[in-house]
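**Student:** The chain contents come next:
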Amino acid sequence: MSTLGKITRRTFLVGSVAIAGGVAFGYWKYKQPIDNPLEADLDDSATALTPYVIIDQQGVSIIAPRAEMGQGVHTTLAALVAEELEVSLDAIKVLHGPASNAYFNAAVLEEGIPFAATDVSRTAEMVRGFTKVPAKFLGLQITGGSSSIPDAFYKMRTAGAAAREVLLQAASAQLNVPTSQLSANDGTILASDGRSVAYTDLAVTAANIEPPKEPVLKSRSQWKLLGKSMPRVDMVAKSTGTAEFSIDVELPDMLYASVRMNPRLGAPMTSFDASKAEAMPGVKRIFQVNNGVAAVATNTWYAFKAVNAVQCNWANASYSNDTNGLLAAVQDSLSPDHQDSQFRDDGDVEQALQSGEIIEAEYQVPYLAHAAMEPLNATAWLRDGKLDIWAGNQLPTQALKEGAAITGLDEENIRVHTTLMGGGFGRRAEMDFVIQAIHIAKEFEGTPVKTTWTREEDTSHDFYRPMAVARFKAKLANNTIDTCDLHLAAPSVAESQMGRLGVPVAGPDIMIVQAAWDQPYSIQNYRVTGYRTPKAFPVSSWRSVGGSQNGFFHESMMDEIAHAGGLDPLEMRLQLINHDVSRKVLESVAEQSNWGRALPDGHGLGLAFVLSFGVPTAQVIEVAAVDDTIKLIEAWAAVDVGVALDPRNVKAQVMGGMNFGLAAAMMGEITVKDGEVQQRNFHNYPSMRFNQAPDIEVQVLENGDQVRGIGEPGVPPAAPALGNAIFAATGKRIRELPFSKHVRFS
Amino acid sequence: MKLVVNEQEYDVDVTPDMPLLWVLRDELGIKGPKFGCGIAMCGACTVHIDGRPVRACSYPASAVQGPVTTIEGLGQPDALHTLQKAWIEHQVAQCGYCQSGQIMSAAALLAANNNPSDAEIDTAMSGNLCRCGTYPKIRAAVKSAAEALRSESVPVQNESEGTA
Ligand code: FES
Ligand code: FES
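Here the protein sequences line up with chains A and B, keeping their order. Going letter by letter, the first sequence gives residues 1 to 746 in my numbering. Going letter by letter, the second sequence gives residues 1 to 164 in my numbering.
These are calculated hints, taken from the structure and not from any lab test. Note that CB positions come from ideal geometry on N, CA and C, so glycine has one too. Hints should not be assumed to be uniformly reliable.
Just some of the chain A residues that point at chain B, by a computed CB distance under 10 angstroms [to be verified]:
1. ALA361
2. PHE425
3. GLY502
4. ALA506
5. MET667
6. ASP695
Work out the full structure, taking the sequences as your base and the hints as a guide.
**Tutor:** Below, the structure written as structure tokens:
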């Protein structure tokens with residue numbers, strides 16, 4: 001809560017009365033409405049009804065102000081508007097829209113508050129309401145935290161409905177009939193006398209009509225698009241090589257650049273010698289940028305070759321030189337002086353652990369790279385007092401700020417074009433690659449320059465998923481868990497990431513204990529303590545953030561306890577679970593996987609359940625073991641998203657999230673030597689391949705009380721489900737990731 | 001050097017060691033083939049030379065002896081290849097960045113063998129990484145494209161749910 005700071009307290013009184021209302025026209029009634037960012041770009045024939053909808057002679061465009069990095073968000077966001085606006089998805093254009101504070105994301109900070117998603121008490125709801133305030137003041141147009149859909153569910157439907165009402169009024173004026181005799185259907189307003197007028201012909205009239213603040217939304221039973229599987233708006237382009245990623249941006253007389261930064265992350269470059277590189281083919285210029293060098297050439301390949309030929313002298317790292325030192329720091333921080341939080345402390349753990357048979361173990365996970373398929377890149381063009389930036393990025397408002405800081409231009413002279421992304425996973429919320437591209441373009445004023453990282457640079461200059469360590473002590477009594485004491489240590493992602501954005505973060509970092517402290521179990525004595533490792537190696541959000549390690553810790557622990565007591569891991573969980581929506585998810589996955597069935601020799605089933613981002617997710621994996629070689633046979637998952645706006649896309653995200661988690665659990669590991677990341681490319685930072693991927697059957701439930709995002713919740717249960725399956729098949733309990741340190745995968 | 005790409009002739013002036021990928025992308029503006037790793041480990045850059053799949057990032061343009069086909073030459077949004085139809089039917093792509101390469105690998109497989117076994121599909125597709133984890137859908141799409149090719153008509157099923 002302390003992360004909310006002063007602003008929250010100041011706006012608490014006004015904020016509490018401002019929940020309902022039109023989204024584009026003062027959702028936040030207590031503050032001046034933010035200027036509509038689209039108006040500046042429109043000519044007179046067009047009118048921006050809200051920051052989410054544009055209608056002009058060409059047709060209807062919907063602004064989906066969240067970055068499309070594979071999660072299908074453009075389709076779902078567009079459908080929210082289209083549903084109320086009464087247009088079909090194939091009749092509209094979907095645009096990302098410019099960087100603007102008007103597109104702030106209110107839901108993203110909700111995961112950062114110390115109330116479990118299952119806690120619907122008044123205080124919890126009230127605090128959730130407050131978090132929307134700082135998000136707006138920070139102007140966070142962020143895509144992350146599985147927050148896009150919860151944030152948009154009300155806002156974007158309201159925008160569509162408001163636009164529809166305005167169009168009805170415009171048609172009423174144009175046709176001279178009362179709105180009661182008009183209806184909206186498929187991009188057209190129909191009059192009861194048989195006349196009709198297309199939305200596109202109403203745009204000019206509509207521009208002069210004030211939209212209603214609280215238009216009536218359709219009930220679920222009236223939905224035509226939402227709730228059904230929709231073809232994604234980007235699918236044809238992505239199946240024909242015609243989708244434009246930022247790496248595909250092409251501009252007149254463009255130059256191509258690449259960079260090499262100090263491999264000791266964050267440390268300066270002390271000197272460099274570019275004489276050899278400067279003489280190479282196609283090279284225009286080589287110069288220092290930030291803590292490294294940039295080579296600009298006539299082709300990306302020439303830039304790659306040249307930048308790698310520069311002799312650089314690098315300063316030493318500010319952090320421990322190798323993996324062992326970094327691990328020791330995490331282990332050492334598991335001590336009272338580094339305690340960061342203790343959001344759960346039920347019963348009397350200390351007392352309970354005085355007696356009886358104690359089960360205890362220690363777990364650890366490594367640093368991980370994001371390794372999105374599209375290496376980092378951005379294009380910038382500085383000319384005539386204006387700056388244009390093209391970048392697949394998860395935080396365009398920050399790109400705008402960086403552009404202003406580097407060029408000295410006002411923000412209104414800067415445009416950020418957010419393209420499709422070849423994967424993000426959290427990496428593209430960082431700005432380093434955008435900042436470099438702007439610096440480079442500044443050296444070539446007048447000429448657009450695209451800066452592309454090599455895969456080697458991308459792998460070795462990430463902001464990594466933190467290394468983390470867990471210790472637990474537990475005790476059984478009366479055939480169930482009596483006591484469970486979980487200690488979690490990791491560097492703080494919030495401190496590292498927000499520090500780079502210049503946003504101070506005070507108080508505990510809830511992400512250190514995310515998806516562990518808030519699990520829906522009633523255990524007599526149940527304590528979860530977080531410890532913060534002092535800041536050193538750069539870390540950041542990695543798909544599912546704290547859930548990516550804590551799911552593994554918590555659910556491996558549950559499995560260990562169950563087996564120690566001779567209990568069935570499913571039965572034990574069902575007995576302890578205190579959240580009905582979660583219980584049904586567990587029951588569903590048990591049924592799908594036929595849990596408890598007789599298995600062939602050498603096969604094992606592993607179960608894990610994690611509630612993260614408000615989504616209860618259960619997964620079961622079947623593996624077959626031959627000696628020390630493990631084959632993933634099949635997998636099942638069940639989730640509850642409250643409302644499945646697009647069931648097929650929800651399934652796809654769960655499948656993708658699970659595979660992302662499995663890839664890391666099986667073989668993902670970043671190590672450090674001499675201050676440098678040792679992994680450089682897919683040969684030594686491997687990922688799961690086609691032949692290793694199991695079929696995954698996903699069940700989507702809708703018992704939850706509100707709509708939830710699904711980009712991340714599929715990740716956390718994957719590692720523990722696999723580890724528990726390996727244990728079931730082999731009797732081998734692997735307490736560190738990646739599993740490939742102990743078994744082989746075929 | 002001279003190149004034939006998607007049935008069009010080009011004359012380019014680059015150093016002989018420049019990989020085909022960078023000739024296609026930065027010299028000819030053909031952006032379907034993607035850069036992923038540069039060392040033939042990910043398959044994002046897969047194109048066909050004379051119908052054979054190659055990793056364009058690691059294939060010097062000067063060594064190309066035969067017509068090059070990229071995803072753009074395989075099919076277009078208004079004239080889809082059978083595989084692209086299957087990709088759309090199964091809604092395979094997530095971020096989509098790997099998919100040009102996936103489709104080109106699959107196209108080479110099916111051109112040589114329109115009834116591949118699971119093991120043959122594994123072998124043909126294991127050089128293509130997908131960090132979004134779309135593999136189960138790729139498998140399903142390859143199979144239905146193979147079936148469509150075998151029956152020569154191109155029946156498109158209405159709705160395909162999930163990963164099956
Ligand atoms: S870019 Fe060619 S195989 Fe990865
Ligand atoms: S769809 Fe994103 S990498 Fe394959």
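**Student:** If a hint holds in the structure, say so; if it doesn't, say that too.
**Tutor:** Going through the hints against the structure:
Taken as an interface hint, ALA361(A) does not check out: its beta carbon lies about 29 angstroms from the nearest beta carbon of chain B, beyond 10 angstroms. Given the 10 angstroms rule on beta carbons, the hint for PHE425(A) holds: about 8 angstroms separates it from the nearest Cβ of chain B. Because the closest C-beta pair between GLY502(A) and chain B is about 29 angstroms apart, greater than 10 angstroms, the hint is violated. Using the Cβ-Cβ criterion of 10 angstroms, the hint placing ALA506(A) at the interface with chain B is not satisfied: the shortest such distance is roughly 35 angstroms.
Annotation: interface hint on MET667(A) violated; nearest CB of chain B at approximately 12 angstroms, more than 10 angstroms. Hint on ASP695(A) holds. Least Cβ distance to chain B is approximately 5 angstroms, under the 10 angstroms limit.
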